[in-house]
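So you can see what is in the structure, the chains are spelled out below.
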Amino acid sequence: MRIEVKHLSYTYHSSAPFSAYALQDINLTIEEGEFFGIIGHTGSGKSTFVQHLNALIKLPTAEKKFKPKKVRKGQPAPVYPSIRIGTYDLGDKKTDFKELRSKVGIVFQYPEYQLFAETVALDVAFGLRNFSKTPLSQEETEEKVKEAIEAVGLDYHAVKDASPFDLSGGQKRRVAIAGVIVTKPEILILDEPAAGLDPLGKREIMELLHRLHASWCKTVIIVSHDMDEISENCTRAAVFSASRLKFCMPPSELFLHAEELETLGLDIPVTAKIQRELQKLGVEVHSDFTNEDFVRRVLERVGGTSC
Amino acid sequence: MKAVNFENVAFSYREEDEFSLKNVSFSVEEGEFVAVLGHNGSGKSTLARLTNGLLHLTGGKITVFGTDVSDEKNLFEIRKKVGIVFQNPDNQTVASIVEDDIAFGPENIGVAREEIARRVDWALDAVGMTEYKQRMVSSLSGGQKQRVAIAGVLALKPQIMILDESTAMLDPKGRREIMDVVKKLNREEGMTILLITHFMEEALAADRAIVMNRGEIVMRGTPEEIFERHEELETYNLALPRIGVLCEMLKKGGMPVRYVLTPEELAKEIAACASK
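Chains A and B, in that order, are what the protein sequence lines are.
Position one of the first sequence corresponds to residue 1 (my numbering), numbered consecutively onward.
Position one of the second sequence corresponds to residue 308 (my numbering), numbered consecutively onward.
Do not rely on the hints blindly, as some may be mistaken.
Unchecked claim - SDA-like cross-link-like pairs, simulated, lysine to any residue; straight-line CA separation at most 25 Å:
hint, chain 1, residue 1, chain 2, residue 2
1, A, K202, B, A512
2, A, K58, A, G74
3, A, K202, B, L362
4, B, K480, A, L266
5, A, K273, B, R356
6, B, K558, A, R203
7, A, K273, B, K490
8, A, K202, A, E112
9, A, K202, B, G450
10, A, K202, B, N520
11, A, K273, B, L568
12, A, K202, B, E339
13, B, K558, A, V285
Unchecked claim - Where chain A lies over chain B, by a calculated footprint (3+ residues, C-beta under 8 Å):
hint, region
14, 533 to 545
15, 563 to 577
What the hints assert, rightly or not - Sample of chain A residues at the chain B side, in silico, Cβ under 10 Å:
hint, residue
16, L200
17, D228
18, I274
Bear in mind the hints are in silico, worked out from the structure with no lab data behind them.
Please read these numbers as outputs of a predicted model, since none were measured by experiment.
Ideal Cβ positions, reconstructed from N, Cα and C, are used throughout, including at glycine.
Throw the hints in and build the complete structure from the sequences for me.
Right, here's the structure in full:
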């Protein structure tokens, strides 16, 4: 499913004196199959954007009370924000939003704090039961839950009857992800999936997301402010700042704008920093900022075994 | 002189429990900077708390500058010599104003008033926080709060400072601030440092490192020697940070770079190779 966002603006407390823009005229397309990154500070609008993608925040035209503005002759018709995800029109009141939400799964930050059920299997099954249109049989539920738990790299028989609260931090996070992917969403959105983990934990989570991307969810979108994570993993990344979309391009191009990113108060990946320092020392190296390409280019430029 | 000496130390929290530390022997020389690496639950914090008698050992012997830690009569003296900075910046302040907080320790051990004032100024200068002297602790960033916590320990004029995951809750900038202060204290003041961490890049600043796993010391050496054995490290749930991964990949490609901490240093290493 392709995500197509046009003229998306959003104002918090629009009728109150403290109204504030959270998003201003965002235009963005995310193709099916991408591993997409969303970057931005707290308050940049990135969370508001993500919440629109599974209609946690509805477009004005999808609200029950919505009536189109009357247009006088000679005046241009008003432009309403629109979001299309595959065949779903998020601006249409008649859209089946429940079905949409089972196709666009969101894993929030620190999802392990949202576990609640008595056993891992019951926790993972919760979303499945709520989203399915017809009641599922015991066997069907068990089969799907098993599949999801195994997809996140846990041993089904070892954890299914355990309390989610007895698991380690890393395992809890995996269970929480299983609870979202169990409905087989085509698009999986994760807010800071690696936050608070040490280097090994981070690497394991990113490897898991790549496995899911290859076999389970066609599109993966991660919200992150770890630029190393973005440069190593994403096909393209969007940068939000002060409610606007500033950049949307592959990391290999994005991090060429190092100075602008730093003025926005954002970091750049380690590889970009090393390249910049090398340039000061008179050694020009240009890579796409992934480890592999960076090392290859450095060895090409400087020579490996020769020195 | 040996600042800290552990001899076959064993510890368990309760008698019936498994040992949290088993057969741990190592020593730290005066003025040395030693890093203790280990994953959560490896026993590295237990080790810190045993050193100044916050926990009492089950077996073996610990001495601090030759004084036995297990003798309760010595604890007051030992705690003056060994300061610990803990993990959470919000749990280590007692006063609302920076200078009052730093004065709390020396006041408690009966330091004279004028001397306290001198120590507070010196400690604030050492951590680069002089201009924040009159500020509210609550208005500071995490990194600044931790620097105040370090200053509070410094004001007691300890000979050994233990940092028990003191950077774990800070952002990268805060972590750099703390590491800069620690390095400076070690080099300029000759303070003995025991740095407990699971961030491998922080260990690079140390003279020596030991790696703990399941309550035992499993690796010892210079940080570089330990990083060379990164595959073994992964079996103890430790992994190289991205810059370490890059160093490793360049080495494999035949470039003789040293393991370094920052992008600036790695750029210099690469440029040095380019000019040969």
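Violated constraints from the hint list, given by number and in increasing order
Checked against the structure, the hints that fail are numbers 2, 3, 5 and 12, while the rest are satisfied.
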